[in-house]
Amino acid sequence: QFLGTVSHELRTPLHGILGLARLVHMESGADPLIRRRMELIESSGTHLLTLINDLLDISRIEARQITLRSAVFDLAAEADRVTDIYTVRADDKGLSFSAELELPRPCWVEGDSSRTRQVLHNLLGNAVKFTQRGWIGLRVKRVGDDLFEFEVRDTGVGIDMAEQKAIFEAFHQVGRAAGSVQGTGLGLTIAREIARVLGGDIVVQSTSGVGSVFRFSARLRPALPREEAAPVAAPLPGRRPHILLAEDNDVNALIATSVLTHHGYEVEHVHDGREAVRRALREVDRPGLVLMDCHMPVMDGFDATREIRVQESVMSLERLPIIALTAVAADDERQQCLSAGMDDVLSKPFTADQLLLAVVQAVRPVREPARDTAALDLRLPLHGSGLSPA
1 QFLGTVSHEL
11 RTPLHGILGL
21 ARLVHMESGA
31 DPLIRRRMEL
41 IESSGTHLLT
51 LINDLLDISR
61 IEARQITLRS
71 AVFDLAAEAD
81 RVTDIYTVRA
91 DDKGLSFSAE
101 LELPRPCWVE
111 GDSSRTRQVL
121 HNLLGNAVKF
131 TQRGWIGLRV
141 KRVGDDLFEF
151 EVRDTGVGID
161 MAEQKAIFEA
171 FHQVGRAAGS
181 VQGTGLGLTI
191 AREIARVLGG
201 DIVVQSTSGV
211 GSVFRFSARL
221 RPALPREEAA
231 PVAAPLPGRR
241 PHILLAEDND
251 VNALIATSVL
261 THHGYEVEHV
271 HDGREAVRRA
281 LREVDRPGLV
291 LMDCHMPVMD
301 GFDATREIRV
311 QESVMSLERL
321 PIIALTAVAA
331 DDERQQCLSA
341 GMDDVLSKPF
351 TADQLLLAVV
361 QAVRPVREPA
371 RDTAALDLRL
381 PLHGSGLSPA
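First residue of the sequence shown: 1, per this note's numbering; consecutive thereafter.
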């Protein structure tokens, strides 16, 4: 509970720092030196966010509270995305990257894609970090009806036999005395525990000075294809309904408003849940979507949503899509949002693309046949996958 509270208090200002850095970086006419400095601010902020997430995960592991969110996803597509990311990261360091994806296309499975991706990012991130020359390889294959193996190879510094068991212990850092690249020493501990929750494990083979092989296994059940959401870059043509943003933090509100108005949305901002209820229930010029921060003064987002749902029924109003915005990284927070009547949950910090995708999926534009309304391109002029929280 203590870490959860501290996490929320840290995420809120970090949310603003990352978002403002991204907004400045988006300015096409910005000075190259300023853009570079914004990149460094964003990189440092993202690293701090990783540390916060690691501390939360290790506390969940110790309390045996790691939970999974199962959903149908295309494993081949996920592997492609990971490959694209680490091909670039390896190239930036002068390394070659190869991938052998022995999977059908598409490869529909059911499981927790986020946790699976988290383990892969940890293993591949370590491979890039500890490899100074040579190559990195990823191999993905099915080894059983519902068992998949992800193999990460590198020509990095390697690990002494005596250290190979210790690397999975919390706070252990390979080569600390030698002054090599360091972190919290939590990544592999968290990755192995998540792998075990996924029904698999992580094993390592390594030779000091030669390189390492990490094999991560996970159980992902075969599944039928899921219905694909409309792509973010191709929304339906039409006038976009305006969005009601309930957010008490002015910095976060500025970031969200900037991203949404940049892509053709009209945004109305209120500072508390009571005002959000009043604006959401008006019959004239009613918003088409509410972005509801969960923790606000006067009335929080949970009570505001419950009040909106009750009054919609009493007044025979159409159900308004409500997306929760929360900086609390707890599984029960998501359930509390859904139980209150919210339709989706975005955890801060999130990317601008994630915000736009949630909005596109929640609302359909109001058609105006009398006007020529070419669809706006929702792809942000961003570089890479940097955070642009709202």
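Hints are not guaranteed to be accurate.
Unchecked claim - Just the calculated beta-carbon pair ranges, DEER-fashion:
(1) PRO13 <-> ARG282: 38 to 46 Å
(2) ASP344 <-> PRO13: 21 to 29 Å
(3) VAL88 <-> ILE34: 21 to 29 Å
(4) ASP201 <-> SER98: 34 to 42 Å
(5) GLN65 <-> ARG37: 47 to 55 Å
(6) ARG282 <-> PHE168: 55 to 63 Å
(7) GLU266 <-> GLU62: 40 to 48 Å
(8) LYS165 <-> GLU266: 56 to 64 Å
(9) GLY264 <-> ASP201: 46 to 54 Å
(10) ASP201 <-> ASP92: 27 to 35 Å
It should be emphasised that the hints constitute simulated quantities derived from the structure, not laboratory data.
Glycine included, each C-beta is placed from N, C-alpha and C at the ideal position.
Okay, the hints, checked on the actual structure:
no.	hint	result
1	PRO13 <-> ARG282: 38 to 46 Å	violated (33 Å)
2	ASP344 <-> PRO13: 21 to 29 Å	holds (24 Å)
3	VAL88 <-> ILE34: 21 to 29 Å	holds (23 Å)
4	ASP201 <-> SER98: 34 to 42 Å	violated (24 Å)
5	GLN65 <-> ARG37: 47 to 55 Å	violated (39 Å)
6	ARG282 <-> PHE168: 55 to 63 Å	holds (56 Å)
7	GLU266 <-> GLU62: 40 to 48 Å	holds (46 Å)
8	LYS165 <-> GLU266: 56 to 64 Å	holds (58 Å)
9	GLY264 <-> ASP201: 46 to 54 Å	holds (48 Å)
10	ASP201 <-> ASP92: 27 to 35 Å	holds (31 Å)
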